[in-house]
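The listed protein sequences derive, respectively, from chains A and B.
For the first sequence, the residue numbers in my numbering are 33 to 85.
For the second sequence, the residue numbers in my numbering are 449 to 784.
Be aware that one or more of the hints could be misleading.
Here are the simulated lysine-lysine pairs, DSBU-like style, with alpha carbons at most 35 angstroms apart [said to hold, decoys possible]:
#, chain 1, residue 1, chain 2, residue 2
1, B, 615, B, 512
2, A, 42, B, 669
3, A, 42, B, 512
Distance windows between CB atoms, simulated [what the hints assert, rightly or not]:
#, chain 1, residue 1, chain 2, residue 2, range
4, B, 625, A, 48, 51 to 57 angstroms
5, A, 49, B, 589, 26 to 32 angstroms
6, A, 39, B, 748, 43 to 49 angstroms
These are calculated hints, taken from the structure and not from any lab test.
These numbers were taken from a predicted model, which means no experiment stands behind them.
All C-beta atoms in this analysis are idealised placements derived from N, C-alpha and C, irrespective of residue type, glycine included.
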Amino acid sequence: MSEAPPRVIKRQVVMADGRYLIFYEFESAPGVVSSDRVVQISQITADRSAEEN
Amino acid sequence: MSELRWNPLLGEWVATATQRQDRTFLPPDDYCPLCPTHPGGFPTEVPESNYDIVVFENRFPSLKTVPNPPTVESSDLYPVRPSQGVCEVVLYSPNHGSSLGQEPVEQIYKLVRVWSDRFRELGALDFVEYVFIFENKGEAIGVTLHHPHGQIYAYPFVPPRIATELKQFTHYQESTGACLLCDVLAEEFQARRRIVAENDSFAAVIPFFARWPYETHIYSKRHFQAITDMSDPEARDLASILKTVLVAFDELFNLSFPYMMVMHQRPVDGLSYDFYHFHVEFYPPLRSANRLKYLAGSEAGAGMFINDTLPEEKAAELRAHVREVVWQAPNSEEHG
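Generate the whole structure from the sequences, applying the supplied hints.
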């Protein structure tokens with residue numbers, strides 16, 4: 033229980049109807065966005081543990 | 449159509465959200481909109497074949513970042529305002545048949561990290577005054593989708609129940625100089641009869657004043673105001689005690705226990721709430737394996753709950769189902 037917090041990869045996409053959707057992934061590479069309903073992609077990779085604590 | 453209408457009798461806002469009448473209602477498992485989109489399958493809300501934890505804007509929101517103008521005119525007696533805010537859905541797992549209590553504690557810990565990030569991000573929006581993290585679980589609560597998920601509402605005001613708590617905390621601190629919940633926790637540790645479980649950072653208690661038979665509160669032992677104030681060990685301890693409580697719930701009647709889970713934190717309106725104390729509350733509607741506690745006349749009409757049970761006895765029942773939470777080694781974890 034004393035290991036470092038896992039790195040958070042936060043990947044945000046904007047759907048065709050304008051809503052956002054955020055993938056939270058931990059200690060792994062992000063997957064591939066394959067749907068044509070995604071019209072815009074932004075990727076935010078951050079280890080927020082320092083900020084959180 | 450959505451707007452906020454003022455109730456002058458109670459001094460609180462009510463949201464109209466007529467579009468929610470059309471939301472998806474208990475679809476077959478094969479057409480769950482919260483599952484990943486499988487190759488060749490129908491497009492769900494999540495345009496990938498797998499995910500870990502996902503957050504997205506609710507398709508049927510009662511509050512919107514850019515709301516439509518109200519459909520009725522405001523008056524002195526009946527103020528009306530746009531229903532500005534944010535409604536998010538949080539998918540706990542890609543596994544349709546799972547539940548928060550069935551997820552590994554490592555996954556619950558990840559969820560705690562996500563909740564923290566959402567609290568920070570939504571709390572930074574200038575039109576948001578309160579970030580409310582919650583889950584409705586089970587048809588007994590009225591859920592329309594079984595896939596394990598929770599919700600977050602970012603309100604443009606401090607909601608009434610939180611406002612009442614803040615007022616009580618304020619009065620208590622002004623009269624005693626102490627934190628109300630710190631003193632409640634001290635009293636519970638002295639009595640011990642209502643404590644269900646504890647770890648280094650949290651205690652799970654059926655409170656002295658429980659309104660529901662199995663109402664369970666999780667109180668942080670350290671005095672802080674929001675999920676973003678937690679250290680990483682505290683985040684892990686929160687995941688552990690959530691797992692403990694949820695497993696005990698499910699084992700109690702050997703069924704997937706319905707509940708409302710709500711997180712009470714400080715507002716995000718820029719004011720100081722150092723007197724407040726973070727906690728999580730569960731309101732399970734069952735009073736036995738096949739009987740529900742209803743909100744009837746006294747509860748709904750007068751605001752006075754009648755609990756047909758004793759918290760001390762219900763805490764003992766739940767304590768009998770407390771199991772040790774085992775964390776997997778960091779590199780042996782498989783999920784999703």
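Quick one: which hint numbers does this structure break? Sort them smallest to largest.
none
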